[in-house]
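S.K.: Here is what each chain is made of, one letter per residue.
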Amino acid sequence: MTQIVTIDPVTRIEGHAKIALYLDEGGRVVDARFQVKEFRGFEEFCQGRSFWEMPGITSRICGICPVSHLLASAKAGDAILGVQIPPAATKLRKLINWAQIVQSHALSFFHLSAPDLLLGMEGEPAKRNFIGLLQKHPEIGRNGIRLRQIGQAIIRLLGGKSVHPSWTLPGGVGDPLSPEELSEIKSMLPDGFHIIQLALDLLNDMLSKYEAEIENYGNFPSLFMGLVTPDGGLEHYDGLLRVMDSEGRLVEDKVSPEDYRVIIEEAVEPWSYLKFPYYKPHGPDGLYRVGPLARLNICDFAGTPRADRELRQFRRLSPGGTPVTSSFHYHYARLIEILFGLEKIAETLEDPEITDPHVRSKAFVNQSQGIGVIEAPRGTLFHEYHVDQHGILQKVNLLVATGHNNLAMNKTILQIAQRYLNGSRITEGVLNRIEHGIRVFDPCLSCSTHAVGQMPLHLQVLNFRGGVEVELTRD
Amino acid sequence: MILLIGCGNSLRRDDGAGLLLAALLEKSWRSGPQVVKRICVHQLTPDLAEYIARDEVKVVVFVDSIAAKMEVTHPEVEVRRLTVEDSSPSLGHFLPPKALMLYARFLYNKSPSSWTVTVPGTDYGHGEGLGKVAKRAIAKVSYRDITAPDVWLVKMAAAATQQPM
Numbered sequence: 001m002t003q004i005v006t007i008d009p010v011t012r013i014e015g016h017a018k019i020a021l022y023l024d025e026g027g028r029v030v031d032a033r034f035q036v037k038e039f040r041g042f043e044e045f046c047q048g049r050s051f052w053e054m055p056g057i058t059s060r061i062c063g064i065c066p067v068s069h070l071l072a073s074a075k076a077g078d079a080i081l082g083v084q085i086p087p088a089a090t091k092l093r094k095l096i097n098w099a100q101i102v103q104s105h106a107l108s109f110f111h112l113s114a115p116d117l118l119l120g121m122e123g124e125p126a127k128r129n130f131i132g133l134l135q136k137h138p139e140i141g142r143n144g145i146r147l148r149q150i151g152q153a154i155i156r157l158l159g160g161k162s163v164h165p166s167w168t169l170p171g172g173v174g175d176p177l178s179p180e181e182l183s184e185i186k187s188m189l190p191d192g193f194h195i196i197q198l199a200l201d202l203l204n205d206m207l208s209k210y211e212a213e214i215e216n217y218g219n220f221p222s223l224f225m226g227l228v229t230p231d232g233g234l235e236h237y238d239g240l241l242r243v244m245d246s247e248g249r250l251v252e253d254k255v256s257p258e259d260y261r262v263i264i265e266e267a268v269e270p271w272s273y274l275k276f277p278y279y280k281p282h283g284p285d286g287l288y289r290v291g292p293l294a295r296l297n298i299c300d301f302a303g304t305p306r307a308d309r310e311l312r313q314f315r316r317l318s319p320g321g322t323p324v325t326s327s328f329h330y331h332y333a334r335l336i337e338i339l340f341g342l343e344k345i346a347e348t349l350e351d352p353e354i355t356d357p358h359v360r361s362k363a364f365v366n367q368s369q370g371i372g373v374i375e376a377p378r379g380t381l382f383h384e385y386h387v388d389q390h391g392i393l394q395k396v397n398l399l400v401a402t403g404h405n406n407l408a409m410n411k412t413i414l415q416i417a418q419r420y421l422n423g424s425r426i427t428e429g430v431l432n433r434i435e436h437g438i439r440v441f442d443p444c445l446s447c448s449t450h451a452v453g454q455m456p457l458h459l460q461v462l463n464f465r466g467g468v469e470v471e472l473t474r475d
Numbered sequence: 001m002i003l004l005i006g007c008g009n010s011l012r013r014d015d016g017a018g019l020l021l022a023a024l025l026e027k028s029w030r031s032g033p034q035v036v037k038r039i040c041v042h043q044l045t046p047d048l049a050e051y052i053a054r055d056e057v058k059v060v061v062f063v064d065s066i067a068a069k070m071e072v073t074h075p076e077v078e079v080r081r082l083t084v085e086d087s088s089p090s091l092g093h094f095l096p097p098k099a100l101m102l103y104a105r106f107l108y109n110k111s112p113s114s115w116t117v118t119v120p121g122t123d124y125g126h127g128e129g130l131g132k133v134a135k136r137a138i139a140k141v142s143y144r145d146i147t148a149p150d151v152w153l154v155k156m157a158a159a160a161t162q163q164p165m
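Chains as they are written, first to last, in this note's numbering: chain F, 1 to 475; chain S, 1 to 165.
Okay, chain S solo, but in the shape it has when bound:
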């Protein structure tokens, strides 16, 4: 099973991009033979480790918005394979995907393959709907061609390694 974890706040404009993209990916991937489960969360919290560690979960895909650091002329959804390494805690209630994967490993001895899919965002003000940059990035994904998620993730991650981090 592929576990899709869409993360964000749909009332903070582009922060909701991950939720939208996760829904679109789920729809595409479900048209293929694979079993997909989608979870929508406001932020990543430790209890998700137990979901990730369930026997049926083979792949975990975190879908989130990421603040674009500069003016984006060609916004792209970016896929990266997650390398799980040590991570320091934050003061708040937010966990990065890497830490969550570490929880699954240390607590439940499970390490499914994991990926991050990020949508560039520039508008995190209060309100519904996405800004131009996030909207363009999501629109550029050809959902008809991604019924094979494993192939799509690898291909997109390869393309991302050509881009500066």
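So that you can see chain F by itself, here it is in the shape it has in the complex:
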């Protein structure tokens, strides 16, 4: 006899995601499924369009990380053209990607996770939200908004607008950076550095209060994957793929991103539209994690002074010097990446080449296939395009960060439910813990399923006959 505990959202677009927990006869949680019901149709929708349109189209998948899709798409386009883009264009693309990391991570930490972290996982639900946070710590709310604004403003200055900028193109970027824009970006950075230092201090002060959560929120051995620079540094735009196990051994290194299919296979399950990528040599159980935690685990160094100092601190979380395995530490990793992003932006603005007017290489279709890979805020993003001689897309495959983390999210939910769920009785606190377990990955359902991006929760406890025993709804 199996009971099913279901957490099911209600959204304006039918579908999306739900969480089902499977209980055995003794009421113990034996399985967890993070089910995404929204159909991911962008790949089909794009077939028959020109690859030139793809940056504009794919950036409309998501309102939070449009820049990631723009860049991956433009890089796939570069490969189809068979060109090397001008150095200034590469630097400008990196600049906009770091700005994207700053704004997206700021949203995740301050808006989505800070209420739980500062008001308590099991705090009164009516107050444990961003409004509650604003009432108790208005300065933290303002700082979160300001940090996100800085990232958005840089994106707007470079791309012309902060949502769906179309400035990045196959072959380079649309316009160079003017000296005035450069000065404006520079003027915002001191605020950003001040806020991120406050956030790092805040989180470090809190960590001792969350020992149980660190132990139980997705804390398990796994592989970690991401891009690193050719000499092993933290990388978000270019570089080579590296896979590390939780003992710190390099399972794969210096894999060219174009060869990603050698190490990654994608599975599908009938109960979810979200793909289940896995590390190919390990078969369908080849779970790996991507994103900030993985990137900080796999790199040998960050490459900027302050981020390197924080990285050394971060690595002390794992006593043996092995990778940090608790997914709870995605929060910390995210803040370190914001700091790194701000430092890299500051460093890049000092490069005289950054205002070079030559920012685009022009060519026609020279290759029938293009693969563009970057590190999006949530992890490694792959765009793979196949075109005919006119550049018309014959096949499109998008492999997004939330998909990579799918197996890990399921395992995290299972671990939290096994630790905190008592029979089929779901309290608000347990529901929130499960939600937080998903939040640490900062999944983007817009990106992973190409939906509109809402995810309120509807929770059901069903007995083995399918009857509803308990129901909770969170709009």
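Bear in mind the hints are in silico, worked out from the structure with no lab data behind them.
Please read all numbers here as calculations on a predicted model, not as lab measurements.
Certain hints may be false.
[Stated by the list, open to error] Cross-link-like lysine-lysine pairs, in silico, PhoX-like; alpha carbons within 25 Å at most:
#, chain 1, residue 1, chain 2, residue 2
1, F, Lys254, F, Lys91
2, F, Lys395, F, Lys280
3, S, Lys135, S, Lys58
4, S, Lys58, S, Lys98
5, S, Lys110, F, Lys136
6, F, Lys136, S, Lys98
[Said to hold, decoys possible] Here chain S is said to cover these stretches of chain F; the calculated rule only asks that three of the stretch's residues, wherever they fall, bring their Cβ under 8 Å from a Cβ of chain S:
#, region
7, 147 to 157
8, 357 to 371
For each residue, glycine too, the CB sits at the ideal point set by N, CA and C.
Once you have looked at the hints, place chain S on chain F.
M.R.: Chain S only, in chain F's frame:
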């Protein structure tokens, strides 16, 4: 100043209706004496609170698509005055207008009057252009008569209160 915030995704059919209607309202309202600023967003995010809280913003109008719950025989654009109250967070990256207005109040001590303008939608598949229901609802608005936004918003909201929510 009236701040018009059009929300949606123009590649998800009716989800783009809010963007289109916001553009039409801006054009009409600009033919009157008022200052109008339009922002187009994919979804509402916290940083918009700072825009809303700027001194010059007197009225905020959120324009979005809303899924019609049943077959719509007489689709109408609906206006409602926003009552700002507590709101719980969502798991994703989306904020409801009410939460955004609360952010403006708590963070910046600003509470401009706020309204939602919604277009009923039925087709949220991938693609450009609107489905029949959203298209009909938008076509029924008489844009020539709405150069006075405050009057139009109040009149439309009064009509909406006659309809079931």
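S.K.: Count the residues of the region 147 to 157 of chain F whose Cβ falls closer than 8 Å to any Cβ of chain S, and tell me whether that reaches three.
M.R.: holds (count 3)
S.K.: Straight-line Cα separation of lysine 254 (chain F) and lysine 91 (chain F) no greater than 25 Å?
M.R.: 22 Å, holds
S.K.: Against the 25 Å threshold, does the CA-CA distance of lysine 136 (chain F) and lysine 98 (chain S) hold or violate the hint?
M.R.: 19 Å, holds
S.K.: Taking 25 Å as the top limit, are the C-alpha atoms of lysine 395 (chain F) and lysine 280 (chain F) close enough?
M.R.: 22 Å, holds
S.K.: So if I understand the rule, the pair passes when the alpha-carbon distance is 25 Å or less; does lysine 110 (chain S) with lysine 136 (chain F) pass?
M.R.: Since the Cα atoms of lysine 110 (chain S) and lysine 136 (chain F) sit roughly 18 Å apart, the hinted pair holds (cutoff 25 Å).
S.K.: Checking one constraint from the list: CA of lysine 58 (chain S) to CA of lysine 98 (chain S), max 25 Å. Satisfied?
M.R.: 16 Å, holds
S.K.: Given the hinted pair lysine 135 (chain S) and lysine 58 (chain S), is their alpha-carbon gap at most 25 Å?
M.R.: Violated, because 30 Å separates the two Cα atoms, which is more than 25 Å.
S.K.: With a C-beta cutoff of 8 Å, work out whether three or more residues of the region 357 to 371 of chain F approach chain S closely enough for the coverage to hold.
M.R.: violated (count 0)
Hint violations for this structure: numbers 3 and 8, all remaining hints satisfied.
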